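2 protein chains.
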Amino acid sequence: MNNKAIGVFDSGLGGLTVVKEIMKILPDEKIVYLGDTARTPYGTKTKGTIIRFSAENTNFLLKKNVKTVVVACNTASALALNEIKKKFGINIIGVIDAGARAAVAATENKRIGVIGTKATIGSGIYEKTIRKYNPDIKVFSNPAPLLVPLVEEGWLDRQETAGILKYYLEPFKGKKIDTLVLGCTHYPLLKPLIRRIMPDVNVIDSGKETAAVVSNLLIMKNQVAKKGNSKTSAFYVTDTPSAFNRVGAMFLKGSMIKAKKITL
Amino acid sequence: MNNKAIGVFDSGLGGLTVVKEIMKILPDEKIVYLGDTARTPYGTKTKGTIIRFSAENTNFLLKKNVKTVVVACNTASALALNEIKKKFGINIIGVIDAGARAAVAATENKRIGVIGTKATIGSGIYEKTIRKYNPDIKVFSNPAPLLVPLVEEGWLDRQETAGILKYYLEPFKGKKIDTLVLGCTHYPLLKPLIRRIMPDVNVIDSGKETAAVVSNLLIMKNQVAKKGNSKTSAFYVTDTPSAFNRVGAMFLKGSMIKAKKITL
Numbered sequence: 001m002n003n004k005a006i007g008v009f010d011s012g013l014g015g016l017t018v019v020k021e022i023m024k025i026l027p028d029e030k031i032v033y034l035g036d037t038a039r040t041p042y043g044t045k046t047k048g049t050i051i052r053f054s055a056e057n058t059n060f061l062l063k064k065n066v067k068t069v070v071v072a073c074n075t076a077s078a079l080a081l082n083e084i085k086k087k088f089g090i091n092i093i094g095v096i097d098a099g100a101r102a103a104v105a106a107t108e109n110k111r112i113g114v115i116g117t118k119a120t121i122g123s124g125i126y127e128k129t130i131r132k133y134n135p136d137i138k139v140f141s142n143p144a145p146l147l148v149p150l151v152e153e154g155w156l157d158r159q160e161t162a163g164i165l166k167y168y169l170e171p172f173k174g175k176k177i178d179t180l181v182l183g184c185t186h187y188p189l190l191k192p193l194i195r196r197i198m199p200d201v202n203v204i205d206s207g208k209e210t211a212a213v214v215s216n217l218l219i220m221k222n223q224v225a226k227k228g229n230s231k232t233s234a235f236y237v238t239d240t241p242s243a244f245n246r247v248g249a250m251f252l253k254g255s256m257i258k259a260k261k262i263t264l
Numbered sequence: 001m002n003n004k005a006i007g008v009f010d011s012g013l014g015g016l017t018v019v020k021e022i023m024k025i026l027p028d029e030k031i032v033y034l035g036d037t038a039r040t041p042y043g044t045k046t047k048g049t050i051i052r053f054s055a056e057n058t059n060f061l062l063k064k065n066v067k068t069v070v071v072a073c074n075t076a077s078a079l080a081l082n083e084i085k086k087k088f089g090i091n092i093i094g095v096i097d098a099g100a101r102a103a104v105a106a107t108e109n110k111r112i113g114v115i116g117t118k119a120t121i122g123s124g125i126y127e128k129t130i131r132k133y134n135p136d137i138k139v140f141s142n143p144a145p146l147l148v149p150l151v152e153e154g155w156l157d158r159q160e161t162a163g164i165l166k167y168y169l170e171p172f173k174g175k176k177i178d179t180l181v182l183g184c185t186h187y188p189l190l191k192p193l194i195r196r197i198m199p200d201v202n203v204i205d206s207g208k209e210t211a212a213v214v215s216n217l218l219i220m221k222n223q224v225a226k227k228g229n230s231k232t233s234a235f236y237v238t239d240t241p242s243a244f245n246r247v248g249a250m251f252l253k254g255s256m257i258k259a260k261k262i263t264l
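Line by line, the protein sequences give chains A and B.
Take the first sequence: its position 203, counting from 1, is numbered 203 in my numbering, and each next residue is one higher.
Take the second sequence: its position 50, counting from 1, is numbered 50 in my numbering, and each next residue is one higher.
Chain A on its own, in the form it takes in the complex (with noise of 0.2 Å):
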């Protein structure tokens, strides 16, 4: 047993739907969510910059004395999980893991499209954890830059959300995937949509995954949280928490946010 929170980090908003799916799994739990909304996106950054942006991050959660960090971000997680890990030694779960082996699981025809951020993609990680898993899959990747900025601004039914999908998801279709990774904490919103273009595909949200391998570390180590914890979950933000906290109830599904602004 064990009653400390689980810290979690993102570039911003994001993550929060990686702490929608701990919340209904693990409701014991308490939260600490970091988000770096002064620096946000990190998905247009290069490596070095978010190597040192995510162990700033990390080092604001374990001061917060948090028994385990998810690093609810792809692109953190795909350039800087293994980084952080070197440094800090503790508990570090990230989001690319727990999606791959979702996607291995889920095809049967081994073609598996991902769309992500330029940095994810850029990375190949998914590529590689995929074919690690199972190196006969195939596995097409398409960055998807302009779905966060459409995702922060709400636009998740509007027709020009619409075009630009149809854009990012087209060339799929001609690769025959049976299997779509979303690669990024923020797409998981646009998923009516993407049903739409593309029905007859699984759809992965690696958020939902990642609270799933949270859950089994926990249990795993008997670090859950005594049953009934009084908890309050606290988030943080880098900037202004105005804008974070109205769109973050949207992420989570109208539960109220108040986050903290902090400086790192």
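These are calculated hints, taken from the structure and not from any lab test.
A few of these clues could be false.
To be verified - In silico DSSO-like links for lysine-lysine, alpha-carbon gap of 30 Å or less:
#1 A/K118 - B/K253
#2 B/K118 - B/K208
#3 B/K64 - A/K47
#4 B/K128 - B/K85
#5 A/K85 - B/K166
#6 B/K138 - B/K118
#7 A/K166 - B/K166
#8 B/K191 - B/K176
#9 A/K261 - B/K86
#10 A/K260 - A/K64
#11 B/K110 - B/K176
#12 B/K20 - B/K208
#13 A/K110 - A/K231
#14 A/K261 - B/K118
#15 B/K258 - A/K47
#16 B/K30 - B/K67
#17 A/K86 - A/K47
#18 B/K67 - A/K118
#19 A/K258 - B/K47
#20 A/K20 - A/K86
#21 A/K261 - B/K87
#22 A/K47 - B/K208
#23 B/K261 - A/K118
#24 A/K24 - A/K258
#25 B/K86 - A/K47
#26 A/K64 - A/K191
Unchecked claim - Which chain A residues stay away from chain B? Per the calculated CB distances, all over 10 Å, these:
#27 A38
#28 T40
#29 D136
#30 L146
#31 K227
#32 A234
#33 R246
Said to hold, decoys possible - Short derived list, chain B residues pointing at chain A, Cβ under 7 Å:
#34 A38
#35 R39
#36 T49
#37 L146
#38 A162
#39 G163
#40 I164
Computed from a prediction, not measured in an experiment: that's the story for all the values here.
Using N, Cα and C, we set each Cβ at its ideal position, and we do this for glycine too.
With chain A's structure known, arrange chain B on it following the hints.
Just chain B now, kept in the frame of chain A:
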């Protein structure tokens, strides 16, 4: 005469549209440019954060021994210009005033529209500045947050961009504006599309106007560089330069850029 460089900073690439105009009318001047690409964009962030970033950028340029600093970013000009002027007490030129004055000069029916980032529009600065010059003018403002990512992606004439622009510009048609201020240094790259949507409107590019202000100031203070001044402009960025160099060439219409990475 003064052969020191002109310092220019922006949150990223947009300020290069201002640099292009300065180079055009002041061909003997050397430029030291700083693009804060690790923390871009600024337009979705808030005042305290934008002031902190702008002060750090100004400080960097002053260490490079520049004779003046141009804040080539509407968001930083809107929210941080007064603060950094106070803090550093040197010649600092923003982009708002020049654009506002040009719009006042251009309008005939005294109805002006402004598009910009959320932070710029939220500050109300264009309305305030325009009405300082002529309180009879009606100003209509609309934030256009998706335009920066579209420009950064080079989606300058795609159908989706036209659709999104129409969404932002449509409200101005009912207001019968005759002049539109492009209140963000990224937007001049969208001028062809904007003219197609609003063919009968004066389009004010604050970068162009700001270059004229810089020129006037240097002449007035007798700080123009010597004719034939041997000059090599320098570009600095806070993230890895590769994308900046590539997309920057589009902003500067083909000039080569070789930026150096620095940490602030």
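Taking the hints in turn, this is what the structure says about them:
1. About 24 Å separates the Cα atoms of A/K118 and B/K253, which keeps this hinted pair within 30 Å; it holds.
2. A distance of roughly 22 Å separates the Cα atoms of B/K118 and B/K208; the hinted pair therefore holds under the 30 Å criterion.
3. Note on B/K64 and A/K47: the hinted pairing holds, with a Cα-Cα distance of about 27 Å set against a maximum of 30 Å.
4. At roughly 19 Å between alpha-carbon atoms, B/K128 and B/K85 fall within 30 Å of each other, so this suggested pair holds.
5. For the hint linking A/K85 to B/K166, the alpha-carbon distance of about 47 Å lies beyond 30 Å, and the restraint is violated.
6. Distance hint between B/K138 and B/K118 is fulfilled; the C-alpha atoms sit about 20 Å from each other, no more than 30 Å.
7. Between A/K166 and B/K166 the alpha-carbon distance is near 20 Å, which keeps this suggested pair within the 30 Å criterion.
8. Taken as a hint, the B/K191 and B/K176 pair is honoured in the structure, with Cα atoms around 19 Å apart against an allowance of 30 Å.
9. Only pairs whose Cα atoms come within 30 Å are accepted, and A/K261 paired with B/K86 is accepted, the gap being roughly 25 Å.
10. Of the supplied pair hints, the one linking A/K260 and A/K64 holds, its CA atoms being roughly 14 Å apart against a limit of 30 Å.
11. A distance of roughly 10 Å separates the Cα atoms of B/K110 and B/K176; the hinted pair therefore holds under the 30 Å criterion.
12. A hinted pair counts as satisfied when its Cα atoms are at most 30 Å apart, and B/K20 with B/K208 qualifies at roughly 9 Å.
13. Among the hinted pairs, A/K110 with A/K231 is inconsistent with the structure: their alpha-carbon atoms are about 43 Å apart, more than 30 Å.
14. Distance restraint check for A/K261 and B/K118: the Cα-Cα separation of roughly 19 Å lies within the 30 Å cut-off, and the hinted pair is therefore satisfied.
15. Taking the CA atoms of B/K258 and A/K47, the gap is about 19 Å. The hint holds against a cut of 30 Å.
16. A C-alpha spacing of about 10 Å is found between B/K30 and B/K67, which places the hinted pair at or below 30 Å, so the restraint holds.
17. For the hint pairing A/K86 with A/K47, the CA-to-CA distance comes to about 16 Å; that is within 30 Å, so the pair holds.
18. At most 30 Å may separate the alpha-carbon atoms for a hinted pair to count; B/K67 and A/K118 exceed this at roughly 38 Å.
19. Proposed proximity of A/K258 and B/K47 is supported: the alpha carbons are some 19 Å apart, at most 30 Å.
20. For the proposed pair A/K20 and A/K86, the alpha carbon gap of about 28 Å is at most 30 Å, so the pair holds.
21. Restraint check for A/K261 and B/K87: satisfied, since their Cα atoms lie roughly 24 Å apart, inside the 30 Å limit.
22. Our distance criterion of 30 Å between C-alpha atoms is broken by A/K47 and B/K208, whose separation comes to about 35 Å.
23. With a C-alpha separation of about 19 Å, the suggested pair B/K261 and A/K118 falls inside the 30 Å cut-off, and the hint holds.
24. As the CA atoms of A/K24 and A/K258 are separated by approximately 20 Å, the hinted pair is consistent with the 30 Å bound.
25. Proposed proximity of B/K86 and A/K47 is contradicted: the alpha carbons are some 36 Å apart, above 30 Å.
26. Of the pairs offered as hints, the one joining A/K64 and A/K191 is violated, with about 33 Å between alpha carbons and a cut-off of 30 Å exceeded.
27. For A/A38, the non-interface assignment is contradicted: its Cβ lies about 5 Å from the closest Cβ of chain B, within the 10 Å cut-off.
28. Not every CB of chain B lies more than 10 Å from the CB of A/T40, the least distance being 8 Å, so the non-interface label is violated.
29. Under the 10 Å C-beta cut-off, the non-interface status given to A/D136 relative to chain B holds; the minimum distance is some 34 Å.
30. For A/L146, the shortest C-beta to C-beta distance to chain B comes to about 6 Å, within the 10 Å cut-off, and the non-interface label is violated.
31. Every C-beta of chain B lies more than 10 Å from that of A/K227, the closest at about 40 Å, which supports listing it as non-interface.
32. Here A/A234 stays apart from chain B, with its beta-carbon at least about 20 Å from theirs, past the 10 Å limit.
33. No beta-carbon of chain B comes within 10 Å of the beta-carbon of A/R246; the shortest separation is about 12 Å.
34. Using the Cβ-Cβ criterion of 7 Å, the hint placing B/A38 at the interface with chain A is satisfied: the shortest such distance is roughly 5 Å.
35. Interface hint at B/R39: satisfied, since its Cβ lies 5 Å from the closest Cβ of chain A, which is below the 7 Å cut-off.
36. Because the beta carbon of B/T49 sits about 5 Å from the nearest beta carbon in chain A, less than 7 Å, this interface hint is met.
37. Among the interface hints, the one on B/L146 holds; its C-beta lies about 6 Å from the nearest C-beta in chain A, closer than the 7 Å criterion.
38. A hinted interface residue such as B/A162 counts as satisfied when its beta carbon comes closer than 7 Å to some beta carbon of chain A; here the least separation is about 9 Å, so the hint is violated.
39. At its closest, the beta carbon of B/G163 sits 5 Å from a beta carbon of chain A; the interface hint therefore holds under the 7 Å criterion.
40. Given hint, B/I164 at the interface with chain A, holds; its Cβ is 5 Å from that chain's nearest Cβ, closer than 7 Å.
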